[in-house]
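2 protein chains.
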Amino acid sequence: MGEAQVSLEHLFRVFTKPEHKDSKLAQIEQHLSDNILDFLSQHVVTKKTSLEEIEQDFSDALVPESPEFVSSHAESLLNKLVAHSVNTYSPTFIGHMTSALPYFHLPLAKLLVGLNQNLVKIETSKAFTPLERQVLGMMHNLVYGQDENWYQQYLHSARHALGAFCSGGTVANITALWVARNKLLGPQKGFAGVAKAGLAAAYRHYGINNMGVMCSKRGHYSLSKAVDVLGIGRDNLITLPCPLQTLSPELALAEGKRYQEEGNRLLALVGVGGTTETGHVDPLDELADVARELGCWFHVDAAWGGATLFSKTHRAHLKGIERADSVTIDAHKQMYVPMGAGMALFRNPQDANTVRHHAQYILRQGSKDLGATTLEGSRNGMAMMVYASLHIFGRRGYELLIDQSISKAKAFASMIDAHPDFELITAPTLSLLTYRVCPENVRQVIKTANPETRARLNNKVDGLVVNVQKLQREAGKSFVSRTRLESPDYDGRSITVFRVVLANPLTTEQDLANILDEQSRIARDRHAWKELSKSEDLLTV
Amino acid sequence: MGEAQVSLEHLFRVFTKPEHKDSKLAQIEQHLSDNILDFLSQHVVTKKTSLEEIEQDFSDALVPESPEFVSSHAESLLNKLVAHSVNTYSPTFIGHMTSALPYFHLPLAKLLVGLNQNLVKIETSKAFTPLERQVLGMMHNLVYGQDENWYQQYLHSARHALGAFCSGGTVANITALWVARNKLLGPQKGFAGVAKAGLAAAYRHYGINNMGVMCSKRGHYSLSKAVDVLGIGRDNLITLPCPLQTLSPELALAEGKRYQEEGNRLLALVGVGGTTETGHVDPLDELADVARELGCWFHVDAAWGGATLFSKTHRAHLKGIERADSVTIDAHKQMYVPMGAGMALFRNPQDANTVRHHAQYILRQGSKDLGATTLEGSRNGMAMMVYASLHIFGRRGYELLIDQSISKAKAFASMIDAHPDFELITAPTLSLLTYRVCPENVRQVIKTANPETRARLNNKVDGLVVNVQKLQREAGKSFVSRTRLESPDYDGRSITVFRVVLANPLTTEQDLANILDEQSRIARDRHAWKELSKSEDLLTV
Chain A
1 MGEAQVSLEH LFRVFTKPEH KDSKLAQIEQ HLSDNILDFL SQHVVTKKTS
51 LEEIEQDFSD ALVPESPEFV SSHAESLLNK LVAHSVNTYS PTFIGHMTSA
101 LPYFHLPLAK LLVGLNQNLV KIETSKAFTP LERQVLGMMH NLVYGQDENW
151 YQQYLHSARH ALGAFCSGGT VANITALWVA RNKLLGPQKG FAGVAKAGLA
201 AAYRHYGINN MGVMCSKRGH YSLSKAVDVL GIGRDNLITL PCPLQTLSPE
251 LALAEGKRYQ EEGNRLLALV GVGGTTETGH VDPLDELADV ARELGCWFHV
301 DAAWGGATLF SKTHRAHLKG IERADSVTID AHKQMYVPMG AGMALFRNPQ
351 DANTVRHHAQ YILRQGSKDL GATTLEGSRN GMAMMVYASL HIFGRRGYEL
401 LIDQSISKAK AFASMIDAHP DFELITAPTL SLLTYRVCPE NVRQVIKTAN
451 PETRARLNNK VDGLVVNVQK LQREAGKSFV SRTRLESPDY DGRSITVFRV
501 VLANPLTTEQ DLANILDEQS RIARDRHAWK ELSKSEDLLT V
Chain W
1 MGEAQVSLEH LFRVFTKPEH KDSKLAQIEQ HLSDNILDFL SQHVVTKKTS
51 LEEIEQDFSD ALVPESPEFV SSHAESLLNK LVAHSVNTYS PTFIGHMTSA
101 LPYFHLPLAK LLVGLNQNLV KIETSKAFTP LERQVLGMMH NLVYGQDENW
151 YQQYLHSARH ALGAFCSGGT VANITALWVA RNKLLGPQKG FAGVAKAGLA
201 AAYRHYGINN MGVMCSKRGH YSLSKAVDVL GIGRDNLITL PCPLQTLSPE
251 LALAEGKRYQ EEGNRLLALV GVGGTTETGH VDPLDELADV ARELGCWFHV
301 DAAWGGATLF SKTHRAHLKG IERADSVTID AHKQMYVPMG AGMALFRNPQ
351 DANTVRHHAQ YILRQGSKDL GATTLEGSRN GMAMMVYASL HIFGRRGYEL
401 LIDQSISKAK AFASMIDAHP DFELITAPTL SLLTYRVCPE NVRQVIKTAN
451 PETRARLNNK VDGLVVNVQK LQREAGKSFV SRTRLESPDY DGRSITVFRV
501 VLANPLTTEQ DLANILDEQS RIARDRHAWK ELSKSEDLLT V
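Those protein sequences? They're chains A and W, same order as listed.
Numbers 1 to 541, taken from our numbering, label the letters of the first sequence in order.
Numbers 1 to 541, taken from our numbering, label the letters of the second sequence in order.
Check each hint, because a few of them may be wrong.
A pair holds if it fits inside one copy or across any two, identical chains being indistinguishable in the list.
As the list claims (entries may be wrong) - Under the rule of at most 30 Å between Cα atoms (straight-line distance), these lysine-lysine pairs were calculated in the DSSO-like manner:
no., residue 1, residue 2
1, 24, 530
2, 189, 460
3, 477, 48
4, 80, 17
5, 470, 257
6, 189, 368
7, 17, 217
What the hints contain is simulated information worked out from the structure, not anything from laboratory work.
Only a predicted model underlies this, so the values are computations on that prediction, with no experimental measurement involved.
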């Protein structure tokens with residue numbers, strides 16, 4: 001470690017002089033700019049390194065006493081951090097919702113830091129505040145499609161907000177349910193409202209014994225976080241079974257009514273616009289009817305699927321989303337914006353006022369400071385990345401990207417269907433699908449076997465899937481994730497499946513064919529495969 | 001607007017080919033890299049532009065239909081966005097907590113986007129997870145200073161967390177009070193705990209009528225947000241007067257006892273380690289005693305002042321912080337990290353388990369996924385910026401920066417004291433101070449006048465201060481913010497003051513002298529000044 005001088009002169013240089021063009025950090029930067037895929041494939045180590053080994057590199061809890069030269073630190077970032085990062089740009093890493101990003105985000109990231117605005121208030125984000133409001137307006141328009149006059153009225157109104165920009169879908173979901181809670185339990189004669197008086201007093205005032213939020217079992221875990229934070233309680237998140245991966249409106253209505261008849265208050269029904277596990281979309285239009293009948297807030301978590309609205313071909317999947325009271329969309333998912341760009345959108349631009357707050361030196365009454373209606377305070381100008389992307393891609397550009405992802409997912413589903421070693425478990429609605437590896441003869445037998453045998457065989461296959469997923473990941477060439485899903489074909493019991501997200505535009509069908517090949521090869525080498533394949537013993541394994 | 005081709009080929013180029021070196025975006029990038037101060041002073045417009053004018057540039061709520069060329073978009077970002085941003089690097093903009101940043105953050109920002117890790121889980125942030133844990137460990141060490149063995153035990157433990165990294169101080173404060181709430185109202189025989197059962201049930205189980213959080217009137221507005229979100233209610237944030245800018249331990253104890261005797265439960269006492277308005281630090285050690293006597297959680301909001309711990313000279317101001325149950329520190333303040341790096345630290349590494357949660361495909365039991373104990377879900381790897389800064393500055397580098405900020409603030413206070421046109425209102429503890437412009441003769445008279453005259457004169461001076469602050473800002477050369485403070489010298493009534501934050505290392509004493517000069521010139525030109533200066537009429541103005 002090169003120890004740098006401890007002097008104000010040296011420190012001021014760090015603030016005022018860029019690194020020399022031949023320095024390590026400048027080299028890293030140049031390589032990133034010239035060819036990021038090459039940079040990553042050169043520096044990200046593909047061989048298996050255990051987490052414990054990596055932790056060794058990050059095990060000192062002492063703040064270093066003396067300064068280090070930027071270049072020697074850059075060297076150590078390369079070796080310790082970049083080397084063991086995940087190559088999210090790789091076309092064969094199809095197990096995450098992260099993806100390659102367009103090149104222009106690299107220089108924009110630099111501009112963002114160079115400007116270093118703080119969006120909590122206008123004073124430190126003069127142009128970023130209107131920009132963020134415009135971005136929220138555009139996304140609101142995409143979902144709710146009000147007319148031009150309507151947006152002229154609300155877009156820059158100090159007394160309204162079309163949404164809240166935040167770091168991600170979790171905060172967006174919390175914000176949406178916070179607004180819903182504060183609206184339902186708002187001020188009344190003799191009661192200051194939940195925001196001021198608190199939740200226990202609100203329950204007393206409104207005669208509520210228990211209050212809940214309803215969604216399917218595929219609802220994102222952030223909903224459970226939200227009901228914890230908001231004081232509603234995790235046990236009051238009613239998660240309904242959805243063996244077919246989408247929430248049945250009939251079931252939602254029946255359970256909602258039952259819940260209400262038992263003396264509980266239903267705060268919100270949450271529909272999912274693209275589940276994290278399988279990309280399924282709840283029947284939003286019918287769920288909007290259910291919410292209306294139950295008289296509760298309707299929130300749609302479209303963190304993943306919201307961007308599908310750009311596509312004329314596929315936006316019908318989300319029909320009914322325009323009837324939601326609030327909608328979550330993550331721009332860092334299918335909008336190809338760097339990590340950290342979530343949004344909660346509100347149909348009614350007055351609703352955000354239920355969480356509005358003021359302070360003396362900031363967020364003054366009548367100001368347009370964004371911090372007055374967001375959960376976060378100080379935060380950065382990520383909205384610029386969304387703004388740039390909306391312009392550089394345009395609706396038609398995003399449409400092409402969405403359409404090609406979904407058609408690639410369908411093509412992959414066909415490849416899986418046609419391959420004797422694999423079983424498609426959930427076909428793609430959006431660009432996600434799940435499948436598993438399983439000898440053909442087992443697939444024949446398992447459907448007709450008795451439940452006990454079926455469970456035994458599925459256990460065995462589960463183990464095989466886990467094994468193959470792990471070995472493929474460790475081989476370092478490709479990555480497919482896994483999860484467990486209830487399957488209607490298997491008595492509603494959970495099975496382990498591969499999960500694929502076709503988010504990366506750079507992934508080709510050849511990449512997908514290679515991934516299947518690799519999985520098949522790994523699987524056929526396993527002892528479990530051989531055991532399962534002996535069809536004569538099948539019923540006695 | 002150059003309309004780009006709507007084709008997959010064009011879009012793929014956006015993902016795979018960097019912009020040409022002569023392109024607009026590449027030029028912007030080069031200029032930023034070569035000389036950011038020059039870039040900003042060349043592109044940020046200093047003449048006054050009204051917010052309404054800027055909003056005109058961001059008034060279209062329609063997603064553009066067709067793609068735009070990156071370069072023509074870059075041009076429009078320069079003209080619309082950069083032009084009307086706030087020059088946070090300027091040494092004469094001393095009214096914010098944002099500042100110039102060290103150069104190395106520009107290339108690192110690019111690396112961050114290039115890696116685009118998602119810190120919610122290990123799978124998408126293999127090395128970033130241990131890195132973030134190390135950063136939290138280092139900051140924990142700075143505050144709590146446990147021994148090496150202790151950190152070896154907890155730093156990478158899957159069942160513990162030394163803190164939570166988040167987008168900023170607001171989320172950090174919410175997280176800290178969330179943990180406090182869930183711990184106080186935790187599971188007991190016959191009760192599942194507030195996380196599961198909700199707040200109303202918890203109040204019933206624990207026989208709580210009302211629960212509150214106590215802090216001084218100078219507590220940050222995010223505390224009010226926190227008690228709203230958490231269901232405690234804004235009316236249950238007990239804000240105690242602090243005419244001397246710090247919370248009196250005697251008052252806190254007396255009010256806390258009174259509150260408890262009235263049958264309420266006190267959840268937490270919050271001490272401030274550097275108030276946003278004046279940079280004062282509450283007497284943390286004595287407040288720790290108070291919290292112990294009251295039997296409540298002790299949280300310290302050191303979002304601003306936490307970094308003072310790097311300085312051997314000044315860390316004594318924060319004595320007692322090591323007795324806090326939780327501490328908030330923002331790295332994007334005095335640690336010179338780009339916007340979006342807050343931390344909540346926990347003395348007891350088990351406490352974060354009170355908010356721990358799991359899901360099937362993520363945050364599995366026993367995993368080290370960071371998302372299991374943070375409020376946010378998906379988020380970016382900002383911890384890398386903190387990590388790099390801790391190494392590149394080292395403790396001694398930060399010490400120099402902190403020391404020079406505070407000594408500059410003291411020098412500025414002396415300049416104000418010595419200047420006949422100004423009155424120092426709060427002297428700097430950390431690098432903040434407040435003062436006002438006021439003719440010398442008024443300052444003589446006002447102290448001995450009767451309360452009514454005093455109030456009348458102060459009203460007049462308030463108007464002058466508002467005016468000068470506005471005109472100086474509009475002149476575009478420098479920026480000092482303003483706030484209102486209760487003043488013990490003026491019957492505890494609020495007066496309007498200039499507020500200065502000496503965060504920017506590039507600010508020189510000459511800059512400060514110039515700012516005073518400019519204010520004095522502007523003030524002396526005002527009608528109010530002339531009126532006030534006629535000493536014979538003073539008592540009848």
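Cross-check of the supplied hints:
| no. | hint | result |
| --- | --- | --- |
| 1 | 24 / 530 | neither (51 Å within a copy, 60 Å between copies) |
| 2 | 189 / 460 | neither (63 Å within a copy, 39 Å between copies) |
| 3 | 477 / 48 | within (11 Å within a copy, 55 Å between copies) |
| 4 | 80 / 17 | both (26 Å within a copy, 28 Å between copies) |
| 5 | 470 / 257 | neither (44 Å within a copy, 58 Å between copies) |
| 6 | 189 / 368 | within (29 Å within a copy, 49 Å between copies) |
| 7 | 17 / 217 | neither (54 Å within a copy, 42 Å between copies) |
Hint compliance for this structure: hints 1, 2, 5, 7 are broken, all remaining hints hold.
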